[in-house]
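Chains as they are written, first to last, in my numbering: chain A, 1 to 354; chain B, 1 to 354; chain C, 1 to 354.
Because the hints were derived from the structure by calculation, they are not lab data. The model shown is predicted, which means the values in this text are computed figures rather than measured ones. The beta-carbon is built from N, C-alpha and C at its ideal position, and this holds for glycine as well. The reader is advised that the hints may include incorrect statements.
Partner residues are not named here, just some residues of chain C that face chain B (Cβ under 10 Å, in silico) [said to hold, decoys possible]:
| hint | residue |
| --- | --- |
| 1 | L8 |
| 2 | T9 |
| 3 | E52 |
| 4 | R90 |
| 5 | G103 |
| 6 | H223 |
| 7 | E227 |
| 8 | R309 |
| 9 | G310 |
| 10 | H315 |
| 11 | L317 |
| 12 | D318 |
| 13 | G331 |
Calculated cross-link-like contacts (lysine to aspartate or glutamate; reagent style EDC-like; alpha-carbon spacing at most 20 Å) [said to hold, decoys possible]:
| hint | chain 1 | residue 1 | chain 2 | residue 2 |
| --- | --- | --- | --- | --- |
| 14 | A | K4 | C | E39 |
| 15 | C | K4 | B | E266 |
| 16 | A | K4 | C | E145 |
| 17 | C | K189 | C | E316 |
| 18 | B | K4 | A | E311 |
| 19 | B | K222 | B | E39 |
| 20 | B | K4 | A | E39 |
| 21 | B | K4 | A | D111 |
| 22 | B | K4 | A | E192 |
| 23 | A | K4 | C | E227 |
| 24 | C | K4 | B | E194 |
| 25 | C | K299 | C | E316 |
| 26 | C | K4 | B | D47 |
| 27 | A | K4 | C | E149 |
| 28 | B | K4 | A | D47 |
| 29 | A | K4 | C | D166 |
| 30 | C | K4 | B | D18 |
| 31 | A | K240 | A | D166 |
| 32 | A | K207 | A | D47 |
| 33 | A | K22 | A | D47 |
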Amino acid sequence: MDEKAHILTREKPDVQGDAHPKQLLRTILEDGDHLLPLEQQHILSADQFSPETLLQLFRLAAKYEANPDRFSTPLQGKILISAFYEPSTRTRLSFESAWHRLGGDIMSITDRSTTGIAKGESLSDVGEMFNNYADCVVLRDTRIESLNEMRSSLRIPIINAGNGLDEHPTQAMADIYTIFKWRPELINKDLEPEKRIKVGIIGVPDKMRTVRSLLKIFSTFKHAFAEVYLFNDENDACDKQVLQEFIDRGLNIIEGGTRFKELVPELDVVYINAIAWTGDDFQTFGKDFTLTPETPFKKGAIVLHPLARGEELSHELDQTGFNWYFSQARGAVFVRMALLTCLVHRKGRVLDVV
Amino acid sequence: MDEKAHILTREKPDVQGDAHPKQLLRTILEDGDHLLPLEQQHILSADQFSPETLLQLFRLAAKYEANPDRFSTPLQGKILISAFYEPSTRTRLSFESAWHRLGGDIMSITDRSTTGIAKGESLSDVGEMFNNYADCVVLRDTRIESLNEMRSSLRIPIINAGNGLDEHPTQAMADIYTIFKWRPELINKDLEPEKRIKVGIIGVPDKMRTVRSLLKIFSTFKHAFAEVYLFNDENDACDKQVLQEFIDRGLNIIEGGTRFKELVPELDVVYINAIAWTGDDFQTFGKDFTLTPETPFKKGAIVLHPLARGEELSHELDQTGFNWYFSQARGAVFVRMALLTCLVHRKGRVLDVV
Amino acid sequence: MDEKAHILTREKPDVQGDAHPKQLLRTILEDGDHLLPLEQQHILSADQFSPETLLQLFRLAAKYEANPDRFSTPLQGKILISAFYEPSTRTRLSFESAWHRLGGDIMSITDRSTTGIAKGESLSDVGEMFNNYADCVVLRDTRIESLNEMRSSLRIPIINAGNGLDEHPTQAMADIYTIFKWRPELINKDLEPEKRIKVGIIGVPDKMRTVRSLLKIFSTFKHAFAEVYLFNDENDACDKQVLQEFIDRGLNIIEGGTRFKELVPELDVVYINAIAWTGDDFQTFGKDFTLTPETPFKKGAIVLHPLARGEELSHELDQTGFNWYFSQARGAVFVRMALLTCLVHRKGRVLDVV
């Protein structure tokens, strides 16, 4: 090993810096009332938030991100059950880190086979049990219905961290938070049409929960998007009924099919998610889509990827200005901190925590 | 999913309420001296407690249960090793939740294959190791002898969370705590004979550690019980020698065999535990015993079940007055909090914690 | 079970007592400046420390060990990622206990199959992810290169808890800390030659990372060692090039081959490590080397073993004066506390924590 390998460098060139959360913080006016509904909510779907509530959440997240060493611990004495029946490290650690930063305690369930569910216990009973043990539950499962079955008996909030092919709402929240950090003006409902952005998503909503949730959140802020393209390794990949639902919401969504290379020079945001969740296994999707410094990106464009990545996103992009995926991952912890604070620290004074 | 699915209801009709812990708290006179012996004890068997010590533990548990938001954190800085070599979620989370509520930290071992034991290390050496790392150990294992082997070298307390077919003392403590919450007068040694209760247990002590421990605890308070029936899906199921041991302790224990349906109208408490631990696997026991709203329960009777449940206990009983199994699960956390406080917070002033 | 089995004895005859950390504390003069470089370091190899830095770490460890109830919690609010891709209980719990004692929070990864690595994610990306979630990483892996690959993107310190056959630096630090507790005069660079000690190690450095790291640390304090023997169950077992590297460092290292029984009466320290890490599995090494009260130890000699032990180290030695392996295990937690404090609590005032 290199002689100097043991030298720790705490600051490396940070491609995106922290000027961006500060800028977003200044752009969103504070209005804490919009956070109050969260005290009475489970987080199931990207659909359930008003744009005002989301913007206040993002404001709080930006406040945390801009001041990572100067916030209090509002979740002291609170317990989270981190139930990942479907394997994950990234999302699990993101939530657990957020909860720890806020001062709370955690009980993890990472192996379905060590649970009562292996004994045939209903998820409704598992929820009743969790009521006695904790203040909040985060759940990920390959099985879509698990979320609703557990929720039916819960008297504490549950957060959907991914339920089968259905949704992954906090990921979508983190994704659009990143877009707003990049271009705070996009929050403005009265945005001039020429300032709207074009987004290209590699993936289809009916097979990828991250894409479905993302399009729902885009619909909530549809004023910001000129066009949203869906690319795939084949044409006519997207379920037409699903597509129509988003068109009906007012999102200008276009099937880009296999025309990614042709259209990428027009895109402001390229969102790639190469991991398709298709049941109990992962398929690498999009071998035809490899983003590298040679990709003909538009000047000033950004790349987003929920990670983990494979070959579809070249490491050579990491040190370029296109890399907003690291900022996306970093911001996700702060978005989750903001959300958890509002769900659990129910004193109506969440904005005092930082 | 239902449009309103994301609405969280924190209070649902609580079948048993919290009036009961308060009533029990008033009924047991405070006498903290009886808790002092616990500072020098491992918790191995339901046998080892005097009735006075148990009542003071239940008093502390009731104090915690009646004031779930207003107690201090006496286990701050203390570490628990939560060693579940036998799979469990319910008991593990119950203990871990109790320890967290008291302010302590936890290290979990949930997979035997990731431990030194896989390397052939003796449990006595594992205990010696734990002395350096923690302040308390909770152990569950399919192997009966593991508990004693680990205890032999420990200089910190160990709690038996289930050792093979032998015992599960804290479950039995939680079970009788529930009975006392339901009928506080039962704690009285001078109880009039006509007020004694009749209990029916579905299961046999020689195959079910929960039943063995429960009968031991019943023996400690034998004045409260007129009759204790053991039911089974066959006659003469119970080991006669085991039965005689309880008769010798003064418990009026009767083999009910297959006569459950005939006798249930006389029972004040119906205790069902359908999961028989018979080695390394679970067998569903008692398919003939299905409790439903149609079961001819005595008026005012209660049903207890340590959970997880299967078909033997209908969900339709959940909203009825027979449902004391949810209260049983909730109370178990507070009983464990009381016990852990007395074992670990060795300042002789445990009663000040709430 | 024995009727008195439930009685907890908190103090058993402690073979080595705590007079020893106090004596070491008095022997090493305080000089906190030597700890400052640790604020900018990963802990990869036993090679990377100056003797002055190690002595100050041992001084801090001795301070913790002599005052186990009277230190502050400098890691409050800090998060450790405990990543044990290779199974372990002892080392994992040793680190986690140390971190908890200092007031920090922990996220554990104990099953490689539940991580993003199973998805083909690079360790460099895993490190980038960890930057967002935690303040420190501890890593153990069967694969030698994992450590460096993860380190390459980390902006928080990583500690090598065992990387394949290569090194296990904190174990070696704990080992020599134990030797210094036993004979504090050995820290003295001007030690009279006749006071140097003879050490016998059962095992070879090229197959055992604990031995490799230990010899590196011995080299750092070579003035203390008259002779270091390497014993094996065959002659000419040690790679000559590896041996020469240590000879070049000035360590008087001698291949003892199979001559253990002949030479043991001369040895001041007998170090046995019967578990050879040879890839993904354990081999019991050294069935010919069984230490018992009948072994012809030198008077006043000590036995060290990193544990877990098998048949090679008899339990009958536990109550004898040769048993310094329990002290070795106990001290390891305090050495890790000292190291973690210096790496993470970067206020330049670590010596105030106790």
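So, going through the hints one by one against the coordinates:
Look at L8 of chain C: its Cβ gets to within about 5 Å of chain B, closer than 10 Å, so that hint holds up. About 7 Å separates the beta-carbon of T9 of chain C from the nearest beta-carbon of chain B, less than 10 Å, and the hint is met. Using the Cβ-Cβ criterion of 10 Å, the hint placing E52 of chain C at the interface with chain B is not satisfied: the shortest such distance is roughly 28 Å. The interface hint given for R90 of chain C is met, as the beta carbon of that residue sits about 5 Å from the closest beta carbon of chain B, less than 10 Å.
Because the closest C-beta pair between G103 of chain C and chain B is about 8 Å apart, less than 10 Å, the hint holds. Because the smallest distance between the Cβ of H223 of chain C and any Cβ of chain B comes to about 30 Å, over 10 Å, the interface hint for this residue is violated. Restraint check, E227 of chain C versus chain B: the minimum CB separation of about 31 Å is more than 10 Å; hint violated. The restraint placing R309 of chain C at the interface with chain B holds, with a minimum CB-CB distance near 6 Å, inside the 10 Å limit.
Hint status for G310 of chain C relative to chain B: holds, with the closest Cβ pair at about 5 Å, below 10 Å. Against a cut-off of 10 Å between C-beta atoms, the interface hint on H315 of chain C holds, since the closest Cβ of chain B lies about 7 Å away. The beta carbon of L317 of chain C comes no nearer than 13 Å to any beta carbon in chain B, farther than 10 Å, and the hint placing it at the interface is violated. Interface restraint check: D318 of chain C against chain B, minimum CB-CB distance 8 Å, threshold 10 Å, status holds.
For G331 of chain C, the suggested interface contact is upheld, since its CB lies about 9 Å from the closest CB of chain B, less than 10 Å. Note on K4 of chain A and E39 of chain C: the hinted pairing holds, with a Cα-Cα distance of about 15 Å set against a maximum of 20 Å. Taking the CA atoms of K4 of chain C and E266 of chain B, the gap is about 40 Å. The hint is violated against a cut of 20 Å. With a C-alpha separation of about 16 Å, the suggested pairing of K4 of chain A with E145 of chain C holds against the 20 Å cut-off.
Of the pairs offered as hints, the one joining K189 of chain C and E316 of chain C is violated, with about 36 Å between alpha carbons and a cut-off of 20 Å exceeded. Restraint check for K4 of chain B and E311 of chain A: the C-alpha separation of about 41 Å exceeds 20 Å, so the hint is violated. As the CA atoms of K222 of chain B and E39 of chain B are separated by approximately 26 Å, the hinted pair breaks the 20 Å bound. The straight-line distance between the Cα atoms of K4 of chain B and E39 of chain A is roughly 15 Å, inside the 20 Å bound, and the hint therefore holds.
The straight-line distance between the Cα atoms of K4 of chain B and D111 of chain A is roughly 31 Å, outside the 20 Å bound, and the hint therefore fails. With a C-alpha separation of about 35 Å, the suggested pairing of K4 of chain B with E192 of chain A is violated against the 20 Å cut-off. Between K4 of chain A and E227 of chain C the alpha-carbon distance is near 31 Å, which puts this suggested pair outside the 20 Å criterion. At roughly 37 Å between alpha-carbon atoms, K4 of chain C and E194 of chain B are farther apart than 20 Å, so this suggested pair is violated.
For the proposed pair K299 of chain C and E316 of chain C, the alpha carbon gap of about 17 Å is at most 20 Å, so the pair holds. Taking the CA atoms of K4 of chain C and D47 of chain B, the gap is about 12 Å. The hint holds against a cut of 20 Å. Of the supplied pair hints, the one linking K4 of chain A and E149 of chain C holds, its CA atoms being roughly 14 Å apart against a limit of 20 Å. For the proposed pair K4 of chain B and D47 of chain A, the alpha carbon gap of about 12 Å is at most 20 Å, so the pair holds.
About 17 Å separates the Cα atoms of K4 of chain A and D166 of chain C, which keeps this hinted pair within 20 Å; it holds. For the given pair, K4 of chain C sits about 38 Å from D18 of chain B by alpha-carbon distance, which is inconsistent with the 20 Å threshold. In summary, the hint linking K240 of chain A to D166 of chain A is supported, as the alpha carbons are separated by about 17 Å, within the 20 Å threshold. For the given pair, K207 of chain A sits about 18 Å from D47 of chain A by alpha-carbon distance, which is consistent with the 20 Å threshold.
The hinted pair formed by K22 of chain A and D47 of chain A fails the criterion: a straight-line CA distance of about 27 Å is larger than 20 Å.
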